[in-house]
Amino acid sequence: MVEHADIRVVHRGGSKINFRAPVISDDSRLLLCASGECVKVYSTSTEECVHHLRAHTDVVTGVVLRPSNHLQVYSCSMDGTIRLWDFTDAILIKMFHLVAVHLQQSTEQLVEARELSVVISHVSSNPAAIAFGRAGEYLASTKGLQLEVFFLKKQKSNRFSLKEENKKGRKNTFSCVTCHPTDDCIATGHEDGQIRLWRNFSHKKEYTYSTLHWHHTTVGSLCFTPEGTNLLSGGVESVLVQWRYNQDTQRDFLPRLGAAITHVTVSPDGTLFTTTHSDNKITIIRSGAKVSAVIQGLVKGESIETDLLIDPRSKALVMNGKPGHLQFYSLQRDKLMYNLDIVQQEYIYQSDLQQFEVVKAAFNSSGNWLATVEREQKDAELELNLKLWAFDDQTQSFVLNTTISAPHENRITALCFSPATDSQTTTVLVSSSKDGHFKAWQLAAHTEDEGPCWSCDFVGAYHGLVPSCCCFSADGSLLAVSFQEVVTVWSSASWELLTTLSQPPGDIRDLCFGQLSCSKYLLGTSTSNLLLCWNLLTCSLEWSTSMDISLLLADPLSENMAAFSSFSSLLSVFVFKPSEPRPIFSQKAVCSGKVMRAVFAPREEMLESCEESSQWLNRCQLYFLSQHMVNSSAAGSAQPNALIGSHQSLVAMTPFHLLLGKRPSLLQTPAHVLPSTSYLCSMFVRSLLISVTDNRSVTQYSYSTNTHSSAFTGFILHGSQNCPFVVNLFSGAERCLRKL
Amino acid sequence: MGEFKVHRVRFFDYMPSAISKMAFNFLSERLAVARADGAVEIFKFTDNYFQEKVIPGRDGRAIEGMCWVGQRLFSAGLNGEITEYDLENLRPKYSMDAYGGPIWSISSNSQGTLLAVGCEDGTVKMFEVLEEKIQFQRNLDRQKGRIISLSWHPSGTKIAAGMMDMIRIFDAETGRATHRLLVDRGLGMSKGREVVVWSVIFLSDNTVVSGDSAGKVQMWDSITGTLRKTHLVTKWDVLALSVSQDESSLMAGTSEGTVVQMQFLQSSVEQQERQWVRTRTFKNHSHDVRALVHTDCAVVSGGMDTHLVVLPLLDQVEKSSKEAKLRKITFPHRSLVRCARKAGLLLFQFPDHLELWRLGESEGQGKHGDCLPVKRNPEKLLQLTRKGEDHICCSAVSPCGGWLVYATVSAVRLYRLQYDNNNVSISRVSKLPKELRTVHQLCFSSDSSRLFASSTHSSVVVVALSNPEVKHLHTLKCKSGSKQPLHLLVPSDDGKWLATANADCEIHVYNLHKMKLHCTVPVYSSCPTAIAIHPSTCNLISVHADQQMFEFSLQQKEYTEWSRRLHKEGLHSLWLDRDTPVTRVAFNPENPAHIILHDTFMFCIVDQSLPLPDAQTKFYNQMTLRSLPAAERMRHSHAFKICKYFQHLMTVELLEDHSLVVVERPLMDIMSKLPAPVRQKKFAT
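Those protein sequence lines, which keep their order, are chains C and L. Going by full-length UniProt numbering, the first sequence opens with residue 1, and the numbers climb by one from there. Going by full-length UniProt numbering, the second sequence opens with residue 1, and the numbers climb by one from there.
This is chain L alone, in the form it adopts within the complex:
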């Protein structure tokens, strides 16, 4: 496997933001997740829950409601604006003030023609969804008190609105409030506090389900306006409700971090009448469950503890299949750490600032597993706070450490860094070419003379960097006409090639000498999560969200022999069962047969010279290999050498001096920074 000196970095204080809202698009099976900092993430459920797109947040954009209308995504928040997102350019398309104060909820009818928003001033405002925009249509009867939650009847004729202490039912056509359902307050101490109906759901059989701050889930008959059944689910709040598409199962998320399932069951085989019965309770969160989605075979929940949990419902899926596994998505599926390999610098990207660190130095030699004494401590060279309200969407540092660039949805800022002894001086390059405006990804060439920036329609802007001025050289355009944004941008070490990957799963390779498209790798059904070009053989390695791996020869423009063999024999089932994508591919210059990969829970060196493991081989065999004598070792080793010593990896990078940088972010550190959860009585404490 080879021996490396490892820089084990734990000073990246990455803190994911709490999940505040989710919306699931049943047509494309994409989940939109809104975070507390205003960022929106799109997860593609058909492609192994890959985080396909990230729209960076913005100060003051607290999203309280989100909904899909066809393939369009709308959100509304406490800033009183309705925002539609441009999913191709990863930015808000437009924002519109609803003029009703903070907006608490947004909901579209099943036909996708109308949007209803519930406002602080007690109005439900209807907006018509037009081709390119939305237009205010009218207000429903104005109520006293804010509208917290909204739900359309599937037929689109009625709307239920959750308020303080009550639920209102509106006729959507006339705009009249037809029913007023009073919700009981909690008992004891909370009797004096008004109850908040956090969530309502209008079912097609005219049942209104409400979840409130007194911990009740209640079923109401919307025709007679009477209460049918009360389930006291928790002592705290019921924050989110979600119903399955066939309306036979209902989920309620609570402040205790539990998700409670209720099912619409017949009481016995003969009786046709069904009733809602509380069945299972799941606890996968330590904090409030704020958002909940009931898909056909799983429950997706998210909340204050920042995890996105996909919990399969075992009565809907095959028990042995991959879908039957619980998934917890905590870390983003792209790297937030950039490494200047020559200078030994690390750039950490936070939503509102960048940190540049110089790695420490150690002395002496040690054997396997030793901790070397630190000669020089790692040092934070620079903290760069972003300008403007928009959050940073991408950043890069040049390999020599001389250049630093970051981008928000509105601007790109390039800085020149100069080091003399221990001082760093930073100067902003003021005049940038106008092509650098909408940017999704940034990277520098290996000789630090070029800056590549991905732009609209999968194009790449190439900018030449020289000291006095920065000049736009060329814009590389792909011929496929894809409108999707690029999420991977990787130049080769020799400066000849540039590989790009976009959300349409296309991988394009450009020849930088000729400044034109060299070839397009055959499109695979799963999205590439990491690509890299081998420095000596010029083979392109791509790893995809479904954990498949390909090697494509750029000279021959075909898959290599090794790649074909890999696919003929198939990857080991344990490799395919991992649930985090590979986010980085690197190469070992000392041994060209070595490919270094990592995901959140392991890093792996693939040795192309060794035989591939078959289904019977012990896949995680590093411990057994170590105990074997050297002669035996060769016989038992296979191509995948996996190290699980480091956990919660943000990045793994090989430096020029042949030492490995491992950036970890232990989950415990994230947990300890979360606010205290609601107090719960535990038995025997």
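Just chain C, with the same shape it has in the complex:
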């Protein structure tokens, strides 16, 4: 039995910072925002995260400054507690338990009143729909088409209803509410973009309102400045609008903030405004006119169409970010490094407007070249662009080298660079498309004055079938392209079809070559739930197993392969070597929901771990992206801060590394010219004096997988569920055994 206990899933970051409106400290130096299970404290001037306030066991749903002590802050969470923190030193001071209802509490009430009274029964779950009025005199709550004002002194409430739709077919539904700090005036935002200023609402009948209209769709957020002279509003137009209170026709705009505004807040002294955007960004605006800082989290795009990639140079995670951009996200620092504008077009926020989006991206192994594919779907018309970007050492950024418009007639299904064994050989880019062709692109010098640019070198097809994925062998000499149920292997030097492999029924879904010592193996998954392994030396199927593999990927630095299987809606992970039928590691129920994207990211420092099961993590970490869109009530929690601290200190040389260090030539020779694995393996084993791997059959393999993983069903560790995209990490750790 293998020891698995020290490997666990850790939520590494990328959680939402735009979930709730942030809070600015009294001196405007710190900004606090709820982010997953913790509260992050940022500096407003340097954009750096200063502290994490960690103690909540579920998603933090609100942060509010303590009025009586400006160095303390309350936070509330889905775990049913309210906690009081000293946020300058990140110390938890006090904890309150709420029984059942979760209402947004006024901070004064919380301290004074021990008894709770329900003042408004039907409240919207959106915290922007409730606001305290002038000095806590009244409480305004909106839901649907109704505004309810509760006067706390008189214990009386007034309700005002709007008609469902007015005559021009606009929606009157309330979207947000805020109250004037000194006057009896409530500002409400509506779905049709109007802002209503309600006055005289202490009278049930003689209430009155005026209307401000600039936004063309839903008003996302409203906020009065502390003196009440200005009203700020924001919406999907990504423009911050400043209305002068009582001078309705005067307004100022701060346009081009980048993405739809979800929250607007003002610091207590009125010098800083912050706007929170739908692309997980907080913008800090100084003195109402200038963007002074941007705190950017991991951008949650519409979908991650580009796979997760690792930039070989910066070791940053690369994926879709803002529309038309690729984001480079530092995994170590949990921070967005920069965005690369791929489409280079002004993005216009409008529904039903089709825009170019980045759908594929690939790096070559040295990180010199980046290939991107962007697509615009206009009704039946499809517009594709293949762009190649060269890394410029001077500017330290990618520069557009070649744009190939319409590289294929239909959607591109896969894109990959050939791995360059040395810097002299030119890299080849292969793209496969639904139009039935795959094309190889090569860097060629056209003319002297223009420099080299990319052009098509070869167009391949196989019996008119549609290619789905392509993959280069580790040395770049072989290209495997899958055409529905057939895998074709081509020589990348001569573009000859070398062999075809096929294992019907079922189309091939994923394809990857083994790495290093296993480079003679080609692995694939098929739609008929098979995991297949071909030996390229014998051109025959080595083994196959019946598993529903949703994702298969190879560690570029070791022989290990990882497979994600979504078995009965719970996700399992297997890590194995193609040459060995037994998995090195397997874990069931890693998280619920499907894992669509995962990547091996190389560690900055090699980890020393003697335990067999965690050796595979010594060189790389496995990151995956889960899609928890909604709150779920899963129990259990990890303490990521402790884990990260411990695993970074463990640095050691593994036997595997020793082997590699000793015999680099072995793994750099192409697989098909090497002697048989059994020969090498026995040599390897003998040299290391490690017990011989046992040779069980394929059926036994799958059986063993089931048995030993069933023993670990109770081992569920989870990150936050509320972040729509959670980046998780397998890391070696030793403190988890007590959980079992």
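A hint or two may mislead.
Covered, in the sense of this in silico footprint (three residues per stretch, anywhere, with C-beta under 8 Å from a C-beta of chain C), are these stretches of chain L [stated by the list, open to error]: (1) 279-287; (2) 394-404.
As a list, the in silico EDC-like pairs of lysine to aspartate or glutamate whose alpha-carbon atoms are at most 20 Å apart [what the hints assert, rightly or not]: (3) C:Lys-205 x L:Glu-247; (4) L:Lys-283 x C:Asp-192; (5) L:Lys-325 x C:Asp-252; (6) C:Lys-156 x L:Glu-270; (7) L:Lys-431 x L:Glu-379; (8) C:Lys-205 x L:Asp-246; (9) L:Lys-496 x L:Asp-579; (10) C:Lys-153 x L:Glu-270; (11) L:Lys-682 x C:Glu-164; (12) L:Lys-325 x C:Glu-206; (13) L:Lys-235 x C:Asp-192.
Pulled from the structure, derived: some chain L residues nowhere near chain C, Cβ distances all over 12 Å [claimed, not checked]: (14) Met-126; (15) Gln-261; (16) Leu-314.
Since the hints were derived computationally from the structure, they do not count as laboratory data. Quick caveat, the model's predicted, so the values are computed rather than measured. Heads up, the beta-carbon is just placed ideally off N, CA and C, and yes, glycines get one too.
For this one, chain C is given, so just place chain L on it according to the hints.
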């Protein structure tokens, strides 16, 4: 319901005139509306906004100011004259030249003793209101530039006058100008143009509110002469201002067609100090709002687009009540179309001319909803332009088509028409009896031998028509002594009866054989809007402004059984909720139980033989009835059969040949004839 061949007439090019000024009498709750052609209309707000009186206009009388002094109505205009109206005889009582050039505004003090008029030459002239006339008293300090607007302080001691680029405040006793408030010009392009203070209002707390051509509504302190607050309301002009009686709400009408409300509110519950806050914006007009009245529970606005809009303020009225409905009054509450039923002629009355049309003919048969092919097109036989400066107030064509008559406030003109084939010859009857001088209504008897004309004190002049000479027969006088003018004059088909209705809500029936008053129908509180005498049963049907309907038997001199039943069961709420009055009642000679009624948006046949609808019955049920089989249909039908197929009806009339004439005036046609409104930027255009 019966089947009719319908003449659908759309060639009546009626064009209402723009509203230029309004004045509201809070005591009697009557609104006086001045139109651009000089006509003055009186609306009675207590009686369902019924248009009670119309004083016809006159060429060159452009009314710029109007005000009530008690029950007396004064107007002043660009012809430089102050006019008082005789509301009993529907004509100007007298006009007086103010000798200050064109007059831009007129205003009376709250005591009703003085009138102030603002003139082009820069003077504010004070007139004393005497019993039967007004008398010039004195001039206030003469200013440079015209006086556009005037407002008295409620105490009557001060007057604010809006001018070009400034507001002047006068002491009313000494006549001295005490303050000069300079009004900012607009920004940008309009910087070079002087700003016109179109409207000022003097509030009792010594605040002067001004609305100007730069789109500002400004609050000034009249004691210190300083500006308190500016509301930039529009990019264009603020043309009219009106304040509620308790001075807590202010309305501003703009060139964009919007009405902007400002309210005098406390900023918070603890603070006693109140300030003017802009609150709601209403847009019910497509063009300039030139006139505005703030009543206790509604805002009445009118302007270039000719509609009179009564907008209820929902914070003042019960939401479910009838007052909570917005009303748009576009068409006059009396018929401008007369029909010669035997000859098939239509007479259209315009302010300055008459048009006589012959209806077209069709051939063939069709089923319900078909358009029949036209054999002969309708034809304009005659266009008769009026003589003199006064506009036409009433007109009539005899049923045989042989006589045509029209009246202005000064004269009556009677014409004899002769047709030979396609030619019409017209000859004026030169000698008319002298009794035909002040006339409010005209009509011919059904055999075209008599002409009835309503005169002063609700009397009716009967004139016999014969070819060589026209002879005064008799003057019918009512005994009630009412001084109000008659607005309805209806003879019966058999020539025996004549029914009249006046603004005092009285209906008198005269016996024409005996030439004396037969009876007086019991007076109902609401004004009758249409009356008719049934040709066979001799019952008088009257429909009133509050949509109630009565049937009065002339033989028994009492309400009929059907009328009593109707009132016991009550009319359906949907019938009572309609907001235009019934302007014509007619009968179907083929089915004596049928009464044909119409208002602007529907025509209705009341079948007296069918059961009355109760509150649960589906009132507008013609569509469902049509889908039912014939046997079922009887069970579901009720007395009110309503057709809404024709809209914006000017008249509905049944001809001798049993075909129906429907005169429509689509609102779109009126809209398309209006001048272009101010340009406004619309989002996404």
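How the hints compare with the structure:
no.: 1; hint: 279-287; verdict: holds (count 3)
no.: 2; hint: 394-404; verdict: violated (count 0)
no.: 3; hint: C:Lys-205 x L:Glu-247; verdict: holds, 18 Å
no.: 4; hint: L:Lys-283 x C:Asp-192; verdict: holds, 18 Å
no.: 5; hint: L:Lys-325 x C:Asp-252; verdict: violated, 38 Å
no.: 6; hint: C:Lys-156 x L:Glu-270; verdict: holds, 17 Å
no.: 7; hint: L:Lys-431 x L:Glu-379; verdict: violated, 31 Å
no.: 8; hint: C:Lys-205 x L:Asp-246; verdict: holds, 17 Å
no.: 9; hint: L:Lys-496 x L:Asp-579; verdict: violated, 34 Å
no.: 10; hint: C:Lys-153 x L:Glu-270; verdict: holds, 13 Å
no.: 11; hint: L:Lys-682 x C:Glu-164; verdict: violated, 23 Å
no.: 12; hint: L:Lys-325 x C:Glu-206; verdict: holds, 18 Å
no.: 13; hint: L:Lys-235 x C:Asp-192; verdict: violated, 24 Å
no.: 14; hint: Met-126; verdict: holds, 38 Å
no.: 15; hint: Gln-261; verdict: violated, 8 Å
no.: 16; hint: Leu-314; verdict: violated, 9 Å
Figure legend: structure checked against the earlier numbered hints; hints not met, in rising order: 2, 5, 7, 9, 11, 13, 15 and 16.
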